[in-house]
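J.: One-letter residues, chain by chain:
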Amino acid sequence: MSFILILPIILPMIMAMIIAQKNIIRKDRLMAFAIFSTAMTSLIVFFIMFKLPGTSLPILHVNEFIDIRLKGDGLGFIFAGLASILWTLTSAYAGVYMKHEGKERYFFIFFLMTEGVTMGIALAGNLFTLYAFYEILTLTTFPLVIHAGTKEALYSGKKYIIYSLFGATLILFGMMILFSAAQSLEFTAGGLAQLLKYGQPDLLAGAFLALFVGFGVKAALVPLHSWLPAAMVAPTPVSALLHAVAVVKSGIFSLVRMTFFIFGPALVMSMHLRAFLLSIVLMTIVFGSFMALHQTHLKKRLAYSTISQLGYMLLGIILLNEDALLGTMIHLINHALIKIVLFFCVGAITYSTGKKYIYEIGGIGRKMPVTMMCFSVASISLIGIPPSNGFVSKWFLGLGAMSAGQTLNIVILLLSAFLTAGYLLPIVVGAFFTKTASDIADEENLDPPKAMLIPIVVITGLVITMGIFPNPVIGYLQVAIEKIFL
Amino acid sequence: MNIIGSTPLLLILLLLLSSFTLPFLKNPIKFSLPVLGALTILSWIHGLLFIGGEEYTIQAGHFEAPFGIMLRVTAVEIAIGLLFMTITTLVIWFSASQFHREVGKSQQKTFLILVHLLVASLLGIVYTQDLFNGYVFIEVSTLAACGIIVVKNKADNIKAAVKYLILSSLGSGLILMGIAYLYALTGYLDMTFIHEALIPIASEKSRMILISMVLFMTGAGIKSALFPLHIWLPDAHTAAPGASSALLSGLVIKAPAIYFLKICVLVYGYEMINQTAFLQLVLLFSGTGMIVGSLFARSQKTLKRMIAYSSVAQMGYIFFGIGLGTPAGMAIAVYHMIGHGVTKATLFLLASTFIDKLGKKDSASLKGVGREMPFEMAIFSLCGFSMVGIPILPGFISKWNLALATIETGQVWLLAIILVSSVLNAAYYFPITINGFFSEEDGIKPNNNPVAKVPLGILTVLLVMIGLLSGPILSLIEKALI
Numbered sequence: 005m006s007f008i009l010i011l012p013i014i015l016p017m018i019m020a021m022i023i024a025q026k027n028i029i030r031k032d033r034l035m036a037f038a039i040f041s042t043a044m045t046s047l048i049v050f051f052i053m054f055k056l057p058g059t060s061l062p063i064l065h066v067n068e069f070i071d072i073r074l075k076g077d078g079l080g081f082i083f084a085g086l087a088s089i090l091w092t093l094t095s096a097y098a099g100v101y102m103k104h105e106g107k108e109r110y111f112f113i114f115f116l117m118t119e120g121v122t123m124g125i126a127l128a129g130n131l132f133t134l135y136a137f138y139e140i141l142t143l144t145t146f147p148l149v150i151h152a153g154t155k156e157a158l159y160s161g162k163k164y165i166i167y168s169l170f171g172a173t174l175i176l177f178g179m180m181i182l183f184s185a186a187q188s189l190e191f192t193a194g195g196l197a198q199l200l201k202y203g204q205p206d207l208l209a210g211a212f213l214a215l216f217v218g219f220g221v222k223a224a225l226v227p228l229h230s231w232l233p234a235a236m237v238a239p240t241p242v243s244a245l246l247h248a249v250a251v252v253k254s255g256i257f258s259l260v261r262m263t264f265f266i267f268g269p270a271l272v273m274s275m276h277l278r279a280f281l282l283s284i285v286l287m288t289i290v291f292g293s294f295m296a297l298h299q300t301h302l303k304k305r306l307a308y309s310t311i312s313q314l315g316y317m318l319l320g321i322i323l324l325n326e327d328a329l330l331g332t333m334i335h336l337i338n339h340a341l342i343k344i345v346l347f348f349c350v351g352a353i354t355y356s357t358g359k360k361y362i363y364e365i366g367g368i369g370r371k372m373p374v375t376m377m378c379f380s381v382a383s384i385s386l387i388g389i390p391p392s393n394g395f396v397s398k399w400f401l402g403l404g405a406m407s408a409g410q411t412l413n414i415v416i417l418l419l420s421a422f423l424t425a426g427y428l429l430p431i432v433v434g435a436f437f438t439k440t441a442s443d444i445a446d447e448e449n450l451d452p453p454k455a456m457l458i459p460i461v462v463i464t465g466l467v468i469t470m471g472i473f474p475n476p477v478i479g480y481l482q483v484a485i486e487k488i489f490l
Numbered sequence: 006m007n008i009i010g011s012t013p014l015l016l017i018l019l020l021l022l023s024s025f026t027l028p029f030l031k032n033p034i035k036f037s038l039p040v041l042g043a044l045t046i047l048s049w050i051h052g053l054l055f056i057g058g059e060e061y062t063i064q065a066g067h068f069e070a071p072f073g074i075m076l077r078v079t080a081v082e083i084a085i086g087l088l089f090m091t092i093t094t095l096v097i098w099f100s101a102s103q104f105h106r107e108v109g110k111s112q113q114k115t116f117l118i119l120v121h122l123l124v125a126s127l128l129g130i131v132y133t134q135d136l137f138n139g140y141v142f143i144e145v146s147t148l149a150a151c152g153i154i155v156v157k158n159k160a161d162n163i164k165a166a167v168k169y170l171i172l173s174s175l176g177s178g179l180i181l182m183g184i185a186y187l188y189a190l191t192g193y194l195d196m197t198f199i200h201e202a203l204i205p206i207a208s209e210k211s212r213m214i215l216i217s218m219v220l221f222m223t224g225a226g227i228k229s230a231l232f233p234l235h236i237w238l239p240d241a242h243t244a245a246p247g248a249s250s251a252l253l254s255g256l257v258i259k260a261p262a263i264y265f266l267k268i269c270v271l272v273y274g275y276e277m278i279n280q281t282a283f284l285q286l287v288l289l290f291s292g293t294g295m296i297v298g299s300l301f302a303r304s305q306k307t308l309k310r311m312i313a314y315s316s317v318a319q320m321g322y323i324f325f326g327i328g329l330g331t332p333a334g335m336a337i338a339v340y341h342m343i344g345h346g347v348t349k350a351t352l353f354l355l356a357s358t359f360i361d362k363l364g365k366k367d368s369a370s371l372k373g374v375g376r377e378m379p380f381e382m383a384i385f386s387l388c389g390f391s392m393v394g395i396p397i398l399p400g401f402i403s404k405w406n407l408a409l410a411t412i413e414t415g416q417v418w419l420l421a422i423i424l425v426s427s428v429l430n431a432a433y434y435f436p437i438t439i440n441g442f443f444s445e446e447d448g449i450k451p452n453n454n455p456v457a458k459v460p461l462g463i464l465t466v467l468l469v470m471i472g473l474l475s476g477p478i479l480s481l482i483e484k485a486l487i
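Residue numbers (the working numbering), protein chains in the order written: chain A, 5 to 490; chain B, 6 to 487.
For the record, the hints were derived by calculation from the structure and aren't laboratory data.
Among the hints, a few may not be true.
[Said to hold, decoys possible] Covered stretches of chain B (chain A as the covering partner; in silico rule of three or more C-beta atoms under 8 Å from a C-beta of chain A):
| # | segment |
| --- | --- |
| 1 | 21-31 |
| 2 | 87-99 |
| 3 | 468-477 |
[Unchecked claim] A few chain A residues facing chain B, derived, Cβ under 7 Å:
| # | residue |
| --- | --- |
| 4 | I18 |
| 5 | I22 |
| 6 | I63 |
| 7 | D71 |
| 8 | T142 |
| 9 | A152 |
| 10 | T173 |
| 11 | F177 |
| 12 | M180 |
Here a beta-carbon is modelled for each residue, glycine too, at the ideal position from N, C-alpha and C.
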């Protein structure tokens, strides 16, 4: 049965090829077909997650290095499960939204392909497989970024490609050194034992730094973040997915894999890179928040907010202890859910009214009550007010910082939470408590069609659930994380 | 000796014979293509039967080694020989439907005669174990190569061919001087005999040996377009008709490189080349070439010129592998010749197809061409991806193994060259793919000239297979080079 592990990767790709055929899938059935494909993928992922955990599937073994291998483990399944659910909901949302952007078929082809590639990243069994999918991810998301086809879109796409390739080159450099030291790139919980034995410390530190920065490009590490706000020219469902799961979270996930499954916490600890990395990451958190305060373009504000939130996850990684890693993984899930709601809401506003800027949306809460309620819930969760899910992840990150003896980090976390409130709450307040903008004052109800509204409400439900009942997920993650720190 | 075992000799002789038969035929392509196809199949049979076998030599005449000429057959020679035969056949097959449009029907016969002669001499260079014999074949190949450039009767072509001829003659002259030095030192022309005779006098005559090494490097460097001796290449490869460019870039520049590699391994041996500063020179030139070649390629406006400059960068990789001076490095040099041979031949065929279809030569005119010719553009992108180094494709394998071999020799800083060069590759291949598929600009009206898709398909399959089977290929080659 281990062959089933490849299905979440292959199935969306096949569906993408089918959806490309104009005479098989009619234009009005695109959305239904995309929902069907993504839902099937989710079902398969959850089937594997619960019925066949720990399977491994060698696909292509050329030699020790070129060895494509899939392996399911706790962290991978969490990422794959999260991605597949969000993909399903996004395909419903996008089915309606993309009607006003145009080129729906083109969108869905790459949308489905990207899902397959993301599953590949989640289920990769060694660093080489991960790297291969990571490179392909750049290629499949590129057409989505430049969807509009305008000069600005092409320029942003170019920026995205250049940044990504720069990162990939650094990753390749790191892998070369790693492989020459360890002769293996297999993911092993707690790191490869050979590295400690044979590696030269200086070279390995160089490799770690190269890999950290390389994967950090996709995780929008400051100062390599500027592709992310630029990529906001993409249609909203694309931005939402790029932010929530596909690209930035792949970067974080790869960093987790690289730090804890290749190098291992003990080795990284001995490298004395922490002070340097901490300063970059703290800068990312604070810089992102401050930049978000400045933006009046709604999507850009959310984009900078993402950069800051990704900083939290990076912080959890380099603190190198159990609680902090748990915090990173939970925040990966929570932020994905929250951010996708925020983006969907902003997309809904643009869809119904064509408005894109904060100063244009006064009083919109009265006209789009459901949308803006969801937006408020998500905002409060992102700030981290208990009992929201954002509080849960920050709690664990704080615990991790405490046990690493880094109290400064807690101050930064609190400061950033304060700033988060500073850039999200004005939107909520403005939407509900100011005078309704004159051009929409006469409209009855501007909430988007059901196909767009249902995903928003469902994910908001998930956000609330994750806040009140986080324990099943925490328990599942703890089992996976314990192995690393044995 | 059985018939299959002497295939290499047969190949050379039959190609020469068929080349002299061609002038008397009315429809040369109908004769040439089956002959090339049959010989390719023969060489594949020979190659597949050889796998795992011992290396052996073939006596080309009545005399034993020091006096007669020997052909050496190992995995290296067979791999390169297969490459040459296969690419030639596919290129001729592809160009059968297109070539006459580019240069006119009357020239096709001349072209085919020259191609047969060219491949025979290239195979000779690859297989021979005799230095002077190799030199003779190199001269023949130069003349034939000049011929397939000027077969398109334009001023540009003649200019390019003359430039190539002059520089090439200089290169041959240097090689000949190198041979003279070695002959004066040892009294032999056979590679293994020279090696035996050189060992006892290696320390005493080290300067003379170093001079001969540098002579070979410069000579082969001119012919293989090692930076900064590449100046003839862009003109020649751009001016030549599509099929000729594919052969020139895919095969012709590889032959002197393999000759040079054989001299390094067989004549001098690893110990001798590693004792001198000569390898540092090779590394210096090839490293600069890898970066500067790509920079030049990026600034080109015409598509073929860009691909030609990319060849300069890629030849850098090959010499870089040789310059590492280890069996692993040499093996990657050979592997890269194979990978790059297939890729570059495909790229040139596609470039000529685009030019033929659109009637324009600059790469900017390719905007939106992917929607009109998705199959061709997809293959072009795949080749581009290989050059950039997307995993599993041959370009990536070369880079990866080159990097590992570099780390092994303890020169980690050289990794920077490999990485920078691969990023630069992306800088000029990606824009074409992006413009081809995603650019909004329309208004391209390709004509309905037929394109032979089967050979393109086979080349693509070969490209992917070379990547997939890189493990066994590399280990076979490396075993032969120790």
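J.: Please go over all the hints and tell whether each is borne out by the structure.
T.: Going down the list of hints, with the structure as the test:
Evaluation of the coverage hint for the segment 21-31 of chain B: breached, as 0 residues show C-beta separations to chain A shorter than 8 Å, against a requirement of three. Counting residues of the segment 87-99 of chain B whose CB lies closer than 8 Å to any CB of chain A gives 0, so the stated coverage by that chain is violated, three being the minimum. Here's how the segment 468-477 of chain B fares: 4 of its residues keep a CB closer than 8 Å to some CB of chain A, so the rule of at least three is met and the hint holds. Interface restraint check: I18 (chain A) against chain B, minimum CB-CB distance 18 Å, threshold 7 Å, status violated.
Among the interface hints, the one on I22 (chain A) is violated; its C-beta lies about 17 Å from the nearest C-beta in chain B, farther than the 7 Å criterion. For the restraint placing I63 (chain A) at the interface with chain B, the shortest Cβ-Cβ distance is roughly 11 Å, beyond the 7 Å limit, so the hint is violated. For D71 (chain A), the suggested interface contact is broken, since its CB lies about 10 Å from the closest CB of chain B, more than 7 Å. At about 10 Å, the closest approach between the beta carbon of T142 (chain A) and any beta carbon in chain B exceeds 7 Å, and the interface hint on this residue is violated.
Hint status for A152 (chain A): violated, given a least beta-carbon distance of 10 Å to chain B, over 7 Å. For T173 (chain A), the shortest C-beta to C-beta distance to chain B is roughly 5 Å, which falls under 7 Å, so the interface hint holds. Annotation: F177 (chain A) was flagged as interfacial toward chain B, and the flag holds, the nearest CB pair being 6 Å apart, inside 7 Å. Proximity of M180 (chain A) to chain B holds as hinted, the smallest CB-CB distance being about 4 Å (cut-off 7 Å).
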